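Asker: Sequence:
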Amino acid sequence: MSGRQAEAPRRDAAGTGPRVLIVDDEPQLVRALAINLRARGYRIDAAPDGAAALRSAAERRPDVVVLDLGLPDMDGTDVIRGLRGWTRVPVIVLSARHSSDEKVGALDAGADDYVTKPFGMDELLARLRAAVRRAAPADGEDLAVVETASFTVDLAARKVDRGGVDVRLTPTEWHVLEVLVRNPGRLVEQKRLLREVWGPGYETETNYLRVYLAQLRRKLEADPSHPRHLITEPGMGYRFEF
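For the sequence shown, the UniProt record's numbering begins at 1 and goes up steadily by one.
Calculated from the structure, these hints are not laboratory results.
Quick caveat, the model's predicted, so the values are computed rather than measured.
Take the hints with a grain of salt, since some may be wrong.
As the list claims (entries may be wrong) - For lysine to aspartate or glutamate, the following EDC-like pairs were computed, each having C-alpha atoms within a straight-line distance of at most 16 Å: (1) K159 to E59; (2) K159 to E173; (3) K159 to E178; (4) K219 to E205.
Please model the entire structure based on the sequences and the hints provided.
Answerer: Below is the structure:
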């Protein structure tokens with residue numbers, strides 16, 4: 001694999017089924033998985049390392065991630081934490097690590113399932129189907145649109161519109177906004193917001209919230225210095241108001 005090939009995730013537009021992101025630095029395994037999954041209608045993206053995986057997930061929005069833990073640039077659990085900072089996409093760990101501590105660590109980081117190598121293709125396919133079913137939105141969930149006097153949030157499409165123009169948000173900005181919008185009128189405590197967006201271990205990093213709320217207000221509020229919709233409750237947390 002050349003340096004240029006390793007820099008970007010590989011993409012495959014074939015198929016009409018769920019999109020699967022395969023994250024593994026073993027080309028033969030990736031090729032075998034891709035052949036089997038394409039034959040069953042899945043759309044395939046592949047990334048050889050953690051950085052490419054996070055970039056591909058943000059750009060391509062997979063329906064399921066199949067992730068090896070032993071990546072050349074970072075541990076797979078760090079990839080899971082990076083994903084969980086902004087998405088609930090199902091993550092199936094596919095790893096040669098068999099110890100219970102490794103499994104617990106991956107599941108605690110946010111993985112949905114754990115398959116050890118060597119594995120049976122039928123088992124992996126069954127777990128993929130189950131992950132897709134669990135992630136499917138409930139009836140009516142894809143219609144959730146929240147309108148304010150200043151902007152509109154389409155929760156299903158993960159889009160924000162202000163005055164007829166799409167507002168570009170980073171994945172982290174979106175996740176902060178999503179948590180608040182899904183709790184209209186209710187105080188979302190700082191610890192909860194940090195935990196849901198950045199994960200366990202970040203519950204004291206309140207400076208993250210100040211930075212990201214300031215960025216969101218600049219992008220969404222008519223008067224960022226006097227916000228109407230993204231309200232700070234000093235010392236406690238934040239609240240979204242229509």
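Asker: Are the hints correct? Go through all of them and say.
Answerer: Now the hints, each set against the structure:
Straight-line distance between C-alpha atoms of K159 and E59 comes to about 14 Å, which keeps the hinted pair within the 16 Å bound. The hinted pair formed by K159 and E173 meets the criterion: a straight-line CA distance of about 12 Å does not exceed 16 Å. For the proposed pair K159 and E178, the alpha carbon gap of about 10 Å is at most 16 Å, so the pair holds. For the suggested pair K219 and E205, the alpha carbons sit about 23 Å apart, so the restraint of at most 16 Å is broken.
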